[in-house]
Amino acid sequence: MKEEAESIASSGDEQSSELLILPDGRILAHNLTPVMASVLTLLNPEDDTIKSRLATQSK
Amino acid sequence: MLCVKPNLAAGHAANRARVAQERAHMARALLADCRLCAHQCGVNRLAGKHGLCHAGPEARFFSAQVEVSDELELIPTFAVALSGCDLRCDFCITGGPSWNSRAGLDLDGKMMAERISRALENGARTVMLLGGEPTIHLPAALELVALLPDSVKLVWKTNAHGSAQARQLLEGIFDVWLADFKFGNDACARRLARVPDYVRVVRENLIWAQEESELIVRHLLMPGHLDCCWQPVAEWLAMEMPGVKVNLRAGFWPAWHATRHAELRNTVSTPEANRAFAMARSLGLNLIL
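Line order of the protein sequences matches chains B and H.
Residue numbers for the first sequence follow the working numbering, so the first one is 12 and each next one is one higher.
Residue numbers for the second sequence follow the working numbering, so the first one is 879 and each next one is one higher.
Bound conformation, chain H alone:
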């Protein structure tokens, strides 16, 4: 059973590195009964057992570079993409390394911290941990944070499918949660990402993240999913999180196994994108770029 000492106020604390180091030890021990994501597999990753994400005890990364395609308020960001994910989205744009936790290179925390330091010196404004899904590599993520100055603005880019246990470990560590709300209903989530109970879990994570840090909610508009996915997501955000920053992205392309699904074999049409943005405006969403 996890017991994390509270309480860091919203926004990270001045002693973040020390707290992250303590939490990293706890997180690593918890891999013996892994319940970091909402699948709650309960496998012993320290003993070589694999849950649905197939991740082992050590993290690997498949990309680490300065990027400018995220939200304007976050870029340039030094983005560290960890291999492996607990979801199986057929349209994942990084499907290969996201579905394979062994892809990429070993994450050497000290070397990565040095690269981050150089990137910050050269003008990066933030550091973003993403995946795949970083939640399944929480021990390594916290170990990396422990090596970074407390002044660095940290972004947790997540699928918002973490468990309550993961949230406890993350409390007060990241300045910004950049969270996906991909599906507006459980049927689409199950069909396209093989995940049950999706909507409830994501809502729970978003509500927590809004209380705990800055929150930006992303939705990748998918062709043919405006009414079943975007509309319910938009309506829920308008109702339950008025004013939350929302980034509606219309740049879907049929990557990875998207062509398994007839409606995902194309990009989003201009009329469909226009309708989606009109819907957002009519609901009063706080759209950001």
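Pulled out of the complex, with its shape left as it was, chain B reads as follows:
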């Protein structure tokens, strides 16, 4: 596993998003990947901000 992780890191293929969860429950996201957008929509399926971003992937 370690070797695999290092291989991915050295190729620059790894993906990352940053999240900040606020005390009131809001989540701020930076460098949002499609996978992370899918995860966030599970937290709140009604959130229009995330829904609109997922919708662009099917166009």
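Source of the hints: derived by calculation from the structure; they are not laboratory data.
Just so we're clear, the structure is a prediction, and the values are computed from it rather than from any experiment.
Just so you know, not all the hints are guaranteed correct.
[Stated by the list, open to error] Derived lysine to aspartate or glutamate pairs resembling DMTMM-like cross-links, with alpha carbons at most 25 Å apart:
id, chain 1, residue 1, chain 2, residue 2
1, B, Lys62, H, Asp986
2, B, Lys62, H, Glu949
3, H, Lys988, B, Asp35
4, H, Lys1123, H, Glu1141
5, H, Lys927, H, Asp911
6, H, Lys1031, B, Asp58
7, H, Lys1031, H, Glu949
8, H, Lys1123, H, Asp1053
9, H, Lys1031, H, Glu992
10, H, Lys988, H, Glu900
11, H, Lys988, B, Glu25
12, H, Lys1123, H, Glu1090
13, H, Lys1031, H, Asp986
14, H, Lys1123, B, Asp35
15, H, Lys927, H, Asp984
16, H, Lys988, H, Asp1028
17, B, Lys62, B, Asp35
18, H, Lys1123, H, Glu1113
19, B, Lys62, H, Glu999
20, H, Lys1031, H, Asp1064
21, H, Lys1123, H, Asp1105
22, H, Lys1031, B, Glu25
23, H, Lys1031, H, Glu1090
24, B, Lys62, B, Glu29
25, H, Lys927, H, Asp986
26, H, Lys1123, B, Asp58
27, H, Lys1031, H, Glu900
Place chain H on chain B using the hints.
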């Protein structure tokens, strides 16, 4: 002295890859007296000298992935983030690699072009070059563009602090300029990003970009900077660039060295964000998501 043959019409030309290749050679030679950004350091980066951005002759990147957090009309985008920047924004959300041009990995143009090709095949709509600040790596950026099909929609995500020389090299290459207008006055720019003469330089770049390509102006709303930064930015855009697409972003968080500044130790409050958007609407700005 730079002499770039004009003239590619607004929107990129059918021979973009060839033009980019020619410009890349010019841009690389110009690193011997680097004046790509408005700091105009004049150092010889080819000889190992460093200006304010500390960038060497070769570009490195710290992220390259498909993202969906940019403007809806641009996503999914394959975003290539180059290390290093000519500004020193204390609140930079990618402060580590943006302040360190040696962060990340060597940018191998051919390998990156292959990754871009795969991303486009898998549904990415655009390719975005960003940083840090891509202007300081203009030779590598142009070399990468030279490897891409002319049909690809290219986005230049910039701090709009480039020089006239950089603009000449960029003419007709990118379809969309996605440009930050961070500060509404020079005092905030100097205090938070250590940059002089900020407002004049950014305005100059925005006016040029609007003539030259599609333009989207971004403003990251900062807590406590609605009246000093957002309001003058919004008023200027309404007056000088009516109809330009504006993305007002309220998702500030206190990253990197933001806590050096008392007002930047929090996120933007909901009332402050509401007031900022109300101001935009009252000025008739063309807000996009």
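Comparing the hints with the structure gives:
Among the hinted pairs, Lys62 of chain B with Asp986 of chain H is inconsistent with the structure: their alpha-carbon atoms are about 35 Å apart, more than 25 Å. With a C-alpha separation of about 14 Å, the suggested pair Lys62 of chain B and Glu949 of chain H falls inside the 25 Å cut-off, and the hint holds. Distance check on the hinted pair: Lys988 of chain H and Asp35 of chain B sit about 46 Å apart at the alpha-carbon level, beyond 25 Å; violated. The straight-line distance between the Cα atoms of Lys1123 of chain H and Glu1141 of chain H is roughly 28 Å, outside the 25 Å bound, and the hint therefore fails.
Our distance criterion of 25 Å between C-alpha atoms is met by Lys927 of chain H and Asp911 of chain H, whose separation comes to about 10 Å. In summary, the hint linking Lys1031 of chain H to Asp58 of chain B is not supported, as the alpha carbons are separated by about 29 Å, beyond the 25 Å threshold. Between Lys1031 of chain H and Glu949 of chain H, the direct Cα distance comes to roughly 14 Å. Compliance with the 25 Å bound is thereby established for this hinted pair. About 14 Å separates the Cα atoms of Lys1123 of chain H and Asp1053 of chain H, which keeps this hinted pair within 25 Å; it holds.
Proximity of Lys1031 of chain H to Glu992 of chain H is assessed by CA-CA distance (about 16 Å); at most 25 Å being required, the pair is judged to hold. A C-alpha spacing of about 17 Å is found between Lys988 of chain H and Glu900 of chain H, which places the hinted pair at or below 25 Å, so the restraint holds. The straight-line distance between the Cα atoms of Lys988 of chain H and Glu25 of chain B is roughly 18 Å, inside the 25 Å bound, and the hint therefore holds. Restraint check for Lys1123 of chain H and Glu1090 of chain H: satisfied, since their Cα atoms lie roughly 15 Å apart, inside the 25 Å limit.
Restraint check for Lys1031 of chain H and Asp986 of chain H: satisfied, since their Cα atoms lie roughly 21 Å apart, inside the 25 Å limit. Proximity of Lys1123 of chain H to Asp35 of chain B is assessed by CA-CA distance (about 31 Å); at most 25 Å being required, the pair is judged violated. For the hint linking Lys927 of chain H to Asp984 of chain H, the alpha-carbon distance of about 19 Å falls within 25 Å, and the restraint holds. For the proposed pair Lys988 of chain H and Asp1028 of chain H, the alpha carbon gap of about 16 Å is at most 25 Å, so the pair holds.
Only pairs whose Cα atoms come within 25 Å are accepted, and Lys62 of chain B paired with Asp35 of chain B is accepted, the gap being roughly 21 Å. About 14 Å separates the Cα atoms of Lys1123 of chain H and Glu1113 of chain H, which keeps this hinted pair within 25 Å; it holds. With a CA separation close to 23 Å, the supplied pair Lys62 of chain B and Glu999 of chain H stays within the 25 Å bound. Note on Lys1031 of chain H and Asp1064 of chain H: the hinted pairing is violated, with a Cα-Cα distance of about 34 Å set against a maximum of 25 Å.
Pair hint Lys1123 of chain H plus Asp1105 of chain H holds up; C-alpha atoms about 21 Å apart against a cutoff of 25 Å. Taken as a hint, the Lys1031 of chain H and Glu25 of chain B pair is honoured in the structure, with Cα atoms around 24 Å apart against an allowance of 25 Å. A hinted pair counts as satisfied when its Cα atoms are at most 25 Å apart, and Lys1031 of chain H with Glu1090 of chain H qualifies at roughly 15 Å. A threshold of 25 Å between alpha carbons decides the hint, and for Lys62 of chain B with Glu29 of chain B the separation of about 18 Å falls inside it, so the pair holds.
As the CA atoms of Lys927 of chain H and Asp986 of chain H are separated by approximately 22 Å, the hinted pair is consistent with the 25 Å bound. With a C-alpha separation of about 24 Å, the suggested pairing of Lys1123 of chain H with Asp58 of chain B holds against the 25 Å cut-off. Taking the CA atoms of Lys1031 of chain H and Glu900 of chain H, the gap is about 20 Å. The hint holds against a cut of 25 Å.
Hint compliance for this structure: hints 1, 3, 4, 6, 14, 20 are broken, all remaining hints hold.
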